[in-house]
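Undergrad: Residues per chain, in single letters:
Protein chains: 4
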Amino acid sequence: MQNIAILCSGGDVSGMNPALKHFVEYTLQKNLTPYFVYDGYEGLIDNKIEQASYCDVSGIINRGGTKIGSARSQRFMQKKYRDIAKQNLDTLGIEMLVVLGGDGSFRGLDIFYKETGIKFCGIPATIDNDINATDYSLGVDTALNIIKTSIDAIRDTASSFKRAFVIETMGRDCGYLALVSHLTSGSELCLIPEKEYDLKSFEDDFKKQIKNGRKYFIAIVSEGIKQDSSEIAQWFENKIGMESRVSILGHIQRGGNPTIYDRLMAYKFITHAVDGLLAGRDESVICYTKSGFEFNSIEEVTSKTKELDAELLSYLDKP
Amino acid sequence: MQNIAILCSGGDVSGMNPALKHFVEYTLQKNLTPYFVYDGYEGLIDNKIEQASYCDVSGIINRGGTKIGSARSQRFMQKKYRDIAKQNLDTLGIEMLVVLGGDGSFRGLDIFYKETGIKFCGIPATIDNDINATDYSLGVDTALNIIKTSIDAIRDTASSFKRAFVIETMGRDCGYLALVSHLTSGSELCLIPEKEYDLKSFEDDFKKQIKNGRKYFIAIVSEGIKQDSSEIAQWFENKIGMESRVSILGHIQRGGNPTIYDRLMAYKFITHAVDGLLAGRDESVICYTKSGFEFNSIEEVTSKTKELDAELLSYLDKP
Amino acid sequence: MQNIAILCSGGDVSGMNPALKHFVEYTLQKNLTPYFVYDGYEGLIDNKIEQASYCDVSGIINRGGTKIGSARSQRFMQKKYRDIAKQNLDTLGIEMLVVLGGDGSFRGLDIFYKETGIKFCGIPATIDNDINATDYSLGVDTALNIIKTSIDAIRDTASSFKRAFVIETMGRDCGYLALVSHLTSGSELCLIPEKEYDLKSFEDDFKKQIKNGRKYFIAIVSEGIKQDSSEIAQWFENKIGMESRVSILGHIQRGGNPTIYDRLMAYKFITHAVDGLLAGRDESVICYTKSGFEFNSIEEVTSKTKELDAELLSYLDKP
Amino acid sequence: MQNIAILCSGGDVSGMNPALKHFVEYTLQKNLTPYFVYDGYEGLIDNKIEQASYCDVSGIINRGGTKIGSARSQRFMQKKYRDIAKQNLDTLGIEMLVVLGGDGSFRGLDIFYKETGIKFCGIPATIDNDINATDYSLGVDTALNIIKTSIDAIRDTASSFKRAFVIETMGRDCGYLALVSHLTSGSELCLIPEKEYDLKSFEDDFKKQIKNGRKYFIAIVSEGIKQDSSEIAQWFENKIGMESRVSILGHIQRGGNPTIYDRLMAYKFITHAVDGLLAGRDESVICYTKSGFEFNSIEEVTSKTKELDAELLSYLDKP
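Chains as they are written, first to last, in the UniProt record's numbering: chain A, 1 to 319; chain B, 1 to 319; chain C, 1 to 319; chain D, 1 to 319.
One should not assume that every hint holds.
Chain copies aren't distinguished; within one or between two, either way the pair holds.
Listed below are the simulated EDC-like cross-link pairs for lysine to aspartate or glutamate, each with C-alpha atoms no more than 20 Å apart in a straight line [said to hold, decoys possible]:
| id | residue 1 | residue 2 |
| --- | --- | --- |
| 1 | K67 | D56 |
| 2 | K80 | D110 |
| 3 | K304 | D152 |
| 4 | K79 | E203 |
| 5 | K208 | E115 |
| 6 | K79 | D204 |
| 7 | K239 | D135 |
| 8 | K268 | D309 |
| 9 | K304 | D46 |
| 10 | K67 | D46 |
| 11 | K239 | D173 |
| 12 | K86 | E300 |
| 13 | K119 | E194 |
| 14 | K239 | D317 |
| 15 | K162 | E188 |
| 16 | K195 | D83 |
Since the hints were derived computationally from the structure, they do not count as laboratory data.
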């Protein structure tokens with residue numbers, strides 16, 4: 001009987017709880033003993049590690065966030081704390097680790113493995129969808145559907161009141177959330193870090209649209225663009241001649257009942273991660289690409305900046 | 001056969017569309033001819049007035065905002081524009097007007113009535129619930145349920161990450177949205193304009209709660225309080241010692257599929273407004289209070305600042 | 001320090017969990033010791049009674065159903081089991097009981113009080129809204145909003161495919177859910193037990209509507225009417241000449257995240273119930289009527305069949 | 001300038017409206033003239049074909065069903081009606097057709113092409129996900145998320161009341177909806193047509209679970225299995241000893257605001273279909289598989305019964 005632990009690191013996402021549930025159920029079925037590490041690497045250092053059972057994951061499949069907490073850890077960057085972490089795992093006889101998180105979370109892991117031999121498998125989890133080598137990261141679909149609900153609501157009020165709305169999504173340096181939200185909401189403007197833009201180039205067209213009867217504009221902008229959302233709003237007021245408002249969606253994008261897609265991906269990511277560890281893969285990230293699930297090295301995952309899907313990006317030039 | 005028109009003025013709310021639908025259906029049943037005035041008083045001046053039919057209100061009952069647009073109008077404050085409005089109504093033979101809006105929207109109406117004899121009935125509609133003489137204004141229930149969804153989502157992420165969240169609701173000078181959201185979400189702190197507060201008084205208790213295991217705080221604050229939401233967040237960081245974030249819910253509070261309560265109130269408000277006009281009430285607002293529906297004068301509705309429900313306010317001192 | 005217990009009896013409703021949360025918080029603030037009785041009167045007999053704390057009600061405010069379970073109990077009808085229940089309460093020193101349930105649940109209570117002196121306060125809780133003497137029972141608003149979501153979804157498909165849909169709501173002998181759903185969804189037909197109907201009387205009008213372009217019908221029928229929903233569907237096929245489908249909404253009506261209205265009513269019901277018990281009211285039900293909250297005797301609540309709100313009923317004859 | 005038409009055939013799904021919107025916008029950008037055919041092949045025969053503009057698709061992206069109607073057509077099986085359809089298209093100069101529907105809808109198309117030379121591209125659209133050669137059919141993700149909401153609601157009441165719930169999903173002979181709903185809801189039992197089962201084999205385990213404290217069961221069954229859902233419920237009552245209820249989800253599964261995934265797939269399906277037609281593909285179906293979008297012949301799509309995804313099916317034997 002082997003012991004295996006799971007932890008969440010970095011920003012929490014919807015889908016982590018379904019992943020925890022399947023982790024417990026699947027490892028038990030494989031005759032492993034599952035453990036929860038609370039509060040990310042911090043919990044590894046502070047020995048917040050507990051054996052997990054069916055009861056711990058009852059009723060969590062429809063909850064956002066993560067039951068076991070997540071955190072960023074400065075201490076785990078230092079060898080002395082990693083040594084303590086190793087000690088804690090040894091005491092409990094834990095030799096395998098599943099880590100849900102972003103690329104920042106994975107980097108520390110590699111060093112930890114080389115120092116300690118603790119095998120791990122990373123599962124990409126971030127609403128930004130900015131992890132290289134995987135097309136999908138857990139949490140993205142739920143975040144997009146929450147953004148959708150907000151845009152639908154704002155459209156109601158925009159069309160009632162003749163206003164331009166500048167809606168700012170999360171995404172750090174990656175425009176994925178903003179771009180997909182644009183394509184699926186029929187918004188009039190989308191600005192993302194991956195594409196140069198010149199507001200001036202939209203002016204004639206937008207003014208013409210107003211002349212033809214358009215009563216409102218919705219612009220979806222990614223937090224990573226050069227300008228503040230308020231500057232885009234100013235541009236609508238000054239150059240397009242339409243009253244405008246900014247809506248920064250903020251942290252509501254993180255939470256909410258996980259969608260089917262995130263629940264199913266959680267199920268599959270966990271299955272492949274556990275299967276991989278049992279099959280001897282000891283320092284990889286389970287990725288999802290067009291060819292299905294595949295393991296990639298930490299190096300592959302963290303060395304490059306993810307490029308935005310070329311097909312999606314090409315749509316920006318289409319209607 | 002008499003002609004009757006409806007318009008929306010001021011901020012749009014969810015519930016206006018169900019009201020428009022019932023307005024058309026009910027006036028037709030009463031052998032009146034219904035008209036829509038587009039874009040508030042502006043449309044009255046610019047003669048955007050059109051006869052309405054069943055087709056115009058098909059498929060709108062589940063839509064937020066208002067199909068006929070809303071607007072604020074500076075021009076309607078001037079007699080010369082009100083004269084034009086009167087002329088437009090005369091041309092179409094419209095003698096009765098139903099107006100959905102807030103108290104600002106009602107004030108202009110009274111003068112208009114005195115000048116022109118155009119009978120009207122106001123229907124309170126604002127998510128702020130700040131109209132005197134009525135316990136309920138259309139749109140409040142939908143706004144509260146949207147806020148609820150956002151708070152539920154933020155709680156997921158707050159509890160996963162050990163953070164204090166300061167959530168700012170709309171409401172102008174009225175704390176109703178914030179207070180009810182607090183009571184129904186189990187948040188830890190609520191700040192509203194109607195109640196003096198001293199953050200210092202919460203410090204000992206909050207620190208003690210952290211010692212006892214509390215991992216996150218949610219504070220719901222009304223936009224009308226003295227401090228910026230960012231100052232409250234600073235206080236959590238500096239005095240309570242917990243990382244914090246601000247979430248300004250903004251315009252998502254206005255939109256969304258109207259709730260049952262708003263749809264039913266829309267139905268009843270319209271029924272009573274039309275019945276009242278036909279029974280000879282010519283310059284009143286239909287209000288909803290504990291004793292049911294009753295007509296109040298514009299004077300009564302607009303002369304005083306609404307006081308927050310005393311029972312609700314008393315709950316602020318309770319757990 | 002006094003001990004006070006709460007239990008849920010009969011069909012569960014959304015709003016029970018927010019009630020449990022406020023029960024614990026409010027009784028603790030009043031220096032009482034709160035207890036949970038699990039699984040209704042069955043738990044009273046089987047001594048499933050446990051002291052409750054803040055932890056027990058953390059994270060339940062947005063959950064449907066009831067954390068402490070509900071049940072129907074045949075045994076509580078027999079004196080020997082009530083004696084055991086009394087003994088269990090005595091052992092724990094519990095002298096006050098709050099019971100969430102329908103009128104069936106209240107009847108047994110009265111006898112229990114007379115036999116044992118255990119004070120109680122009933123809180124009306126049933127999605128059927130069929131409890132006499134109170135205008136509102138906990139759970140109704142959430143049920144209506146869930147029904148709304150289903151009707152909105154069915155309308156999408158009905159209008160796409162030229163079909164008549166017969167949607168059956170719960171309600172036992174009370175047509176409240178069906179009637180309000182009808183008024184707030186703009187459905188074309190509503191059949192409830194409280195109003196005689198003759199399908200024949202609709203035939204000419206419905207056929208004429210089809211001639212004028214109507215593509216679908218939605219009929220909302222209460223489970224308590226004389227005919228099966230399938231008979232109504234047959235009538236659409238045979239007499240109106242439109243393909244039809246039946247949708248029995250069933251138990252999805254019971255669950256779901258409680259709405260603001262149900263959360264707030266839960267808060268108020270609990271506050272008044274506990275205040276009442278502390279003030280010496282010992283065998284009553286806290287009701288909500290147009291004049292606010294008031295206590296009624298079990299006799300008053302259970303002796304008569306509730307009559308459907310006359311204003312609402314009158315709307316059935318309107319468009 | 002070429003003319004291109006779109007129609008919906010067979011059961012409507014969520015995602016058709018976003019597809020219509022992008023169809024109009026994309027064809028206009030490509031300098032084509034878009035037409036809508038109302039009510040499927042019936043509209044082709046009855047000449048319900050109208051040129052479409054931006055206005056026609058404004059505000060429909062968040063609506064379930066299809067704005068242009070769908071239908072099944074017996075007449076289109078007969079040559080004389082197909083000749084009329086051809087004539088109607090000729091009169092308007094329409095040479096290309098995009099058809100959203102299931103495999104039944106595609107079969108007729110092939111004959112039509114051979115007879116008339118009208119080029120077409122089929123887009124798989126059915127919530128059953130039972131179309132061979134494509135991994136995804138439009139509407140599936142929205143249907144699954146609606147089912148999820150219902151299961152979440154039923155779980156609330158099941159766990160409150162100690163009951164077994166048998167939830168029946170759509171899917172005809174395909175268990176996809178039931179299987180994915182099972183994996184993503186953590187239900188205890190899943191029965192689908194693709195997998196033989198013997199209820200007897202679950203009895204010992206289920207009884208043991210009850211002894212260990214389990215209070216409710218949720219079984220998700222596909223409409224295509226051999227037994228009626230009521231028989232499964234009977235089995236829970238008689239063999240497992242737990243009160244049970246059946247919930248047939250029915251037509252609520254078809255409607256509802258399209259999810260992001262369905263909106264994005266609609267966007268991509270349309271883009272590829274129009275691009276394909278312009279590139280000379282004249283009698284194919286655009287499919288989505290692991291290798292991306294690819295065109296398949298009608299023969300390929302309609303000749304075989306789709307096999308359920310082997311990986312998903314294998315999960316049925318796992319926890």
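Undergrad: Failing hints, ascending?
TA: Numbers 3, 4, 5, 6, 7, 9, 11, 12, 13, 14 and 16, in rising order.
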